[in-house]
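*Asks:* Quick mapping for you: the protein sequence lines, in order, are chains A and B.
So that you can map any letter, position 29 of the first sequence is 28 in numbering that gives the first Met the number 0, and since no number is skipped, the others follow by simple counting.
So that you can map any letter, position 379 of the second sequence is 378 in numbering that gives the first Met the number 0, and since no number is skipped, the others follow by simple counting.
No wet-lab data here; the hints were simulated from the structure.
Hints are supplied without guarantee of correctness; some may be wrong.
Here chain A is said to cover these stretches of chain B; the calculated rule only asks that three of the stretch's residues, wherever they fall, bring their Cβ under 8 angstroms from a Cβ of chain A [stated by the list, open to error]:
(1) 225-232
(2) 284-291
(3) 333-345
In silico SDA-like pairs for lysine to any residue, Cα to Cα no more than 25 angstroms straight-line [claimed, not checked]:
(4) Lys33/A with Leu232/B
(5) Lys290/B with His41/A
(6) Lys224/B with Gly40/A
(7) Lys293/B with Ile44/A
(8) Lys290/B with Lys33/A
(9) Lys225/B with Asp53/A
Don't be surprised by glycine CBs; every beta carbon is placed ideally from N, CA and C.
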Amino acid sequence: MKKIEAIIKPFKLDEVKEALTGIGVKGITVSEVKGFGRQRGHKEIYRGAEYQVDFVSKIKIEVVVEASMAGETLDTIQKTARTGQIGDGKIFVLPVEEAIRIRTGESGKNAI
Amino acid sequence: MKTIFLSLVFIAVGFGRVWAGDEPPTAISNKEAIDLVQSHADYVWTLVAAALVFFMQAGFALVECGFTRAKNAVNIMMKNLMDFSVGSLAFWAIGFGLMFGITQTGWFGTSGFFLSDFKPDGDPWVLAFWMFQVVFCATAATIVSGAMAERTKFTGYLLYSVFISALIYPVFGSWAWGSLFNGNGWLENLGFIDFAGSTVVHSVGGWAGLAGAIVLGPRLGKYTKKGGIKPILGHSMPLAALGVFILWLGWFGFNPGSTTAANKDIALIFVNTNLAAAAGAVLAMFTSWLKFGKPEVGMSLNGGLAGLVAITSPCATVSPLSAVIIGAIAGIIVVFSVIFFDRIKVDDPVGAISVHGVNGAWGTLAAGIFNMGGTSAKIIGVQMLGIVACFVWTFCAAFILFKIIDKTVGLRVSPEEEGEGLDITEHGGIAYPDFEVSSYAQQ
Numbered sequence: 000m001k002k003i004e005a006i007i008k009p010f011k012l013d014e015v016k017e018a019l020t021g022i023g024v025k026g027i028t029v030s031e032v033k034g035f036g037r038q039r040g041h042k043e044i045y046r047g048a049e050y051q052v053d054f055v056s057k058i059k060i061e062v063v064v065e066a067s068m069a070g071e072t073l074d075t076i077q078k079t080a081r082t083g084q085i086g087d088g089k090i091f092v093l094p095v096e097e098a099i100r101i102r103t104g105e106s107g108k109n110a111i
Numbered sequence: 000m001k002t003i004f005l006s007l008v009f010i011a012v013g014f015g016r017v018w019a020g021d022e023p024p025t026a027i028s029n030k031e032a033i034d035l036v037q038s039h040a041d042y043v044w045t046l047v048a049a050a051l052v053f054f055m056q057a058g059f060a061l062v063e064c065g066f067t068r069a070k071n072a073v074n075i076m077m078k079n080l081m082d083f084s085v086g087s088l089a090f091w092a093i094g095f096g097l098m099f100g101i102t103q104t105g106w107f108g109t110s111g112f113f114l115s116d117f118k119p120d121g122d123p124w125v126l127a128f129w130m131f132q133v134v135f136c137a138t139a140a141t142i143v144s145g146a147m148a149e150r151t152k153f154t155g156y157l158l159y160s161v162f163i164s165a166l167i168y169p170v171f172g173s174w175a176w177g178s179l180f181n182g183n184g185w186l187e188n189l190g191f192i193d194f195a196g197s198t199v200v201h202s203v204g205g206w207a208g209l210a211g212a213i214v215l216g217p218r219l220g221k222y223t224k225k226g227g228i229k230p231i232l233g234h235s236m237p238l239a240a241l242g243v244f245i246l247w248l249g250w251f252g253f254n255p256g257s258t259t260a261a262n263k264d265i266a267l268i269f270v271n272t273n274l275a276a277a278a279g280a281v282l283a284m285f286t287s288w289l290k291f292g293k294p295e296v297g298m299s300l301n302g303g304l305a306g307l308v309a310i311t312s313p314c315a316t317v318s319p320l321s322a323v324i325i326g327a328i329a330g331i332i333v334v335f336s337v338i339f340f341d342r343i344k345v346d347d348p349v350g351a352i353s354v355h356g357v358n359g360a361w362g363t364l365a366a367g368i369f370n371m372g373g374t375s376a377k378i379i380g381v382q383m384l385g386i387v388a389c390f391v392w393t394f395c396a397a398f399i400l401f402k403i404i405d406k407t408v409g410l411r412v413s414p415e416e417e418g419e420g421l422d423i424t425e426h427g428g429i430a431y432p433d434f435e436v437s438s439y440a441q442q
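Put together the whole structure using the sequences plus the hints.
*Replies:* The structure is reproduced here in structure tokens:
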């Protein structure tokens, strides 16, 4: 099993979710996050004074899939979350040792 | 409409007399009836206007709340509630007598404390007049709250509220407006024009706010160690904008109500008030657009208010075209003034000093320059004298007051309390328990 974490632009969330459910992903965890990468923040104006926004708002998606599906999932996220502009985000892939469904106690790929 | 109304009154009065078997109406009885209706209309207009001006308290509360952080919203509300409530009592007990009492010197009144001019079977006009004046006093008092926001100790602020409403505002008011009732001020006797209080109300509030902001010092985190300016973002632009709309509405009581009479003058005053506000907002928007590359909301909102403050003094004595010019200049002034006070490290979270102090002075000068009855060096000189007298009296009195409060009960909260937010440390509660507050760390 693999866990795929993607940091994406907030307005891309719906599109990515639709695409992932389309390829058979059964569950997604989403959180609102802030951070910076190569985009670095940007400057804004408040009452005449400029200030630096260091942490830009992003959405983090976490998906756990069978290892065989990881490639397709990555591709799907990469394609749908992409705008071509700086700040499109990043995708990380991590190994998952175990998964358990709390209600039934099922484990492994039955639990995801 | 008015003619029909008056005819109905004629008929009613006429029938009443015939029915009662009295004398038929005479020229004298008709005149008495007309005067009575006019007098009642004056009461109604003055008190409706007072209600509109009272609503400006809500406007100030929201502007200040929106332009400051969520962790201090309860404190802002408490300050706005209490400067009105404490101030009303102080103005009733002392302020009104100092401002409008009988005076020998022209510097302050000495009668009418505790509304003693009202007798149960006497003329109730003093009550209507007091109600209209107390909401003006409260306007001056509440302006200061914004300039001192997010770092002032609540007990210190309560003490200040008593003194501005009992002493600082009424003494200057007696110089310019005393003769509206029993007084006779030295400044008005020179011909000083301040119809609805650009100087008497707004500059007094603005300059007291300046003294407060200087004695307090800037909020933690506003200036970096290298001396750079780091803006502290207000938590709700919609609340700030709603506040400005409410203030704009309230001003339709503030300026036209200052006739304290139901007459035709209010039409010009209404139009001038609206045009100046509109011109102020538009010009502040364009100024911020040219200067910062974007039409900035905070400056545009301040621009509308700056136009309103500036037209407050000249609203009854200038043409609509002049009102547009006065408001437009106010809109430009306010942008540069906000930037100026930021640069010299006077931290005014809402721009109260620029909107009310600086543009109050501009409006008072403009009343001399654009006077429809003609202008002269003498008129402008008297306007300047009034502006300077207001600054000297208000700034010095408020500065001394804030210094004394600072040395006794304390004026500023501790750095820890400021970081935590005044809502929790001063009032034991928070404004938005169901929302996450993200601005605690501003060191």
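*Asks:* So, for every hint listed, does it hold in this structure?
*Replies:* Hint check:
no.	hint	in the structure
1	225-232	holds (count 4)
2	284-291	holds (count 3)
3	333-345	holds (count 4)
4	Lys33/A with Leu232/B	holds (17 angstroms)
5	Lys290/B with His41/A	holds (18 angstroms)
6	Lys224/B with Gly40/A	holds (22 angstroms)
7	Lys293/B with Ile44/A	holds (8 angstroms)
8	Lys290/B with Lys33/A	violated (30 angstroms)
9	Lys225/B with Asp53/A	holds (19 angstroms)
When held up to the earlier numbered hints, the structure conflicts with hint 8 and nothing else.
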